[in-house]
Amino acid sequence: MAEINTESYKQNAVKAIKDTVLQNALSNVQDRLGPATALAYENLPEGPELRLKAHKIREFAINNLDILLETLVDKIRDRGGKVFFAQDAAQATDYCLKVAQKNRVKMVVKGKSMVTEEIGLNKVLEANRIEVNETDLGEYIIQLAGEPPSHIIAPAIHKTRKQVAELFTKELGIPYCEDPPFLTQAARKALREKFLKADMGFSGCNLACAETGHITTVSNEGNIRMSTTMPKIHMVFMGMERVVAKLEDHDVLFRLLSRGAAAQNMAGYVSYIGGPRTENQLDGPEEFHLVILDNGRSKILADPEFREVLLCIRCAACLNVCPAYGKIGGHTYGYPYSGPIGAVITPLFVGINRAKDLCQGEPLCGACKKACPVDIDLPRMLLALRAKLADGDCKWNVTRASRMEKLLFMTWSLVIRNRTFYNIALKTGAMLQKFLPGQNGMITQMPFGFKGWTRSRDIVPLAKTNFLTLWKNKKP
Amino acid sequence: MDNHQHDFIKTIQQALGKSSSSAKVAQSELFGTRPKDFENQLDVYINKSKPDRDTLLDLLIEQAELIHMDVIPVENISLASHAIQELVQNTEPEWGSKKSIIAWQHPLIDQLNLKETLSGNDVEVFSTQTSTKPDSEEREKIRTQLLQSYIGITSADFCVAESATLVQRTRPNQPRAVSLVPSIHVAVIRMDQIIESLKELYFRLKWDPQEKKTGLTNCMTFISGPSKTADIELVMVYGAHGPRQLLLYVITG
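Protein sequences appear in the order of chains A and B. Residue numbering for the first sequence is 1 to 476, as defined by my numbering. Residue numbering for the second sequence is 1 to 253, as defined by my numbering.
The reader is advised that the hints may include incorrect statements.
[As the list claims (entries may be wrong)] Which chain A residues face chain B? A few, computed with CB under 8 Å, are given here: (1) 30; (2) 32; (3) 35; (4) 69; (5) 156; (6) 226; (7) 229; (8) 282; (9) 409.
These are computed hints drawn from the structure, not numbers from a lab. Don't be surprised by glycine CBs; every beta carbon is placed ideally from N, CA and C.
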């Protein structure tokens, strides 16, 4: 399993907001990718409405997941591929380790994969003395730095070129230079050797196609093609929801995925892989393994309230528009999945109480829904999670986050539904507020549990005479 | 090894509220049925008029420019061959000092006659032709030649104009790494291999009897532009792990 640090969300957020380097990096990402993706949707021949069609395609796939997965794996087995179904992270990593040890694997190369982050694959392999090389440039940078990814598709976006230059000088022994082409070339050179020497290559799976029996991988760098072509063994890790029925479904989905992820018409490389090389082919892996992972997904599938989140194709478009992500960055979320998608899916994976701050920290502004290439209603699910925290929920084993909060809201509900109580409350409030610290006619600090409201702003005091009284007393 | 499939799928069925007996859904419902007018549609796709093909070529050139990919229309195959000779003269290998290039064994690529036109001049030309059942020795030889080569020459099955995407399916004698490992990737296609859209591609792959025979193969690759990354401060850099440059020659005659 990946490390879970969702409990330190608030402290992490405070730190992130003070980090000026990070703040610049985050604005850079959001200013460039957010509007570019919106424009790319507008420029689609079908317009942004195409997202609704994509939603239907994904929904259909999820509703037929059992049959689609069986169709997919039958075809892959027919071509000589091996398939393993893993109920949890441990089963997935165990299987991987067994295959690696059976083949005396000493060194592996990896294409970028969020699922392998989720199951903590690298740690397991390294603990068994297998050298792991991340090959996506961003992943490579953070692997050298010993950090988790901070963005789903641009994992090292929190690092400046200066930091990367310092890191490469130290780790690769190259002269110090801040030029991105120079730094990229250094990584290209270092990783080329790894690609050619690796005994095994790993990839994730963007969207499998059940009808034809292929997994697909998407990249711009070509590292995934390298990892899946050069080593003798290719192993794919796929979240069980990442399949669609028909080949032509990929038309809509790849066009939207490329736009959502990086405002491109089409990602640089897309590969459909359906098994090991055949005996008459000159290259490609001798062995092909597909590991399909549940790890909490079937529980989400069983709940109609959250099933929709399984439509996600992990493009990170929601990160690029989210005001919360734009301030606190990816590491704050304390789990590989960050941003609005992380705020919904992480609590469902690791426990809603444990990750409660994630769904409570998002502003419900709706930007993520608009940016989503498959039109997932993340705000609805954020609210549903909050409702569970407010009232408790036995199905998800949620205990009420705060009794005090519930009590306050019950009282508030009583008061505003009764005119007499409400008037009394207003009058009492108007009297008591004199004792609160103030400045320029504003209240600068609220008492007790309400302090948070005035931490970064002042609040307008209650009027001496309320509007209703003024209206009544108004002379015609 | 038990692969847990039975329990895994059963869990999904329970989550979806299905009993396993109700799980049978018609294949047609899942994967679609052949459109009634498919023959007409296919005809429209395959027999495009000359002006339509010219428009597609223009669209391809325009889209390719956006992604740093050079599309060069040439009248005939010998002009393509000349252009490649010039390219070899004007470029230097990235890793070694010897100029080696590797080319697919492919009807169109064979016509370039690269061995005859380029050999000598300190240029080595490798071809990927091997026996029908290559053994590990042959594979190793090709791999070594591939790693020595700084230019890889391939063709493609299709080129999608709307996104400047080359579509390659794996075949014997056409290793996928030729379009990946060398620093420069050169592709040569005929004008009639340019298609309009992904929609057209999938339609043809799915319904054209000729294409269905080949299928997607065990590895179908889409290539749109040279390898690139923007992982350092979102600055676009070409040549991350794959080719730094991608040139596409389109035979128009």
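Hints, verified against the model:
no.: 1; hint: 30; in the structure: 11 Å, violated
no.: 2; hint: 32; in the structure: 6 Å, holds
no.: 3; hint: 35; in the structure: 14 Å, violated
no.: 4; hint: 69; in the structure: 7 Å, holds
no.: 5; hint: 156; in the structure: 6 Å, holds
no.: 6; hint: 226; in the structure: 5 Å, holds
no.: 7; hint: 229; in the structure: 5 Å, holds
no.: 8; hint: 282; in the structure: 4 Å, holds
no.: 9; hint: 409; in the structure: 33 Å, violated
The structure fails hints 1, 3 and 9 (numbered hints given earlier, in ascending order).
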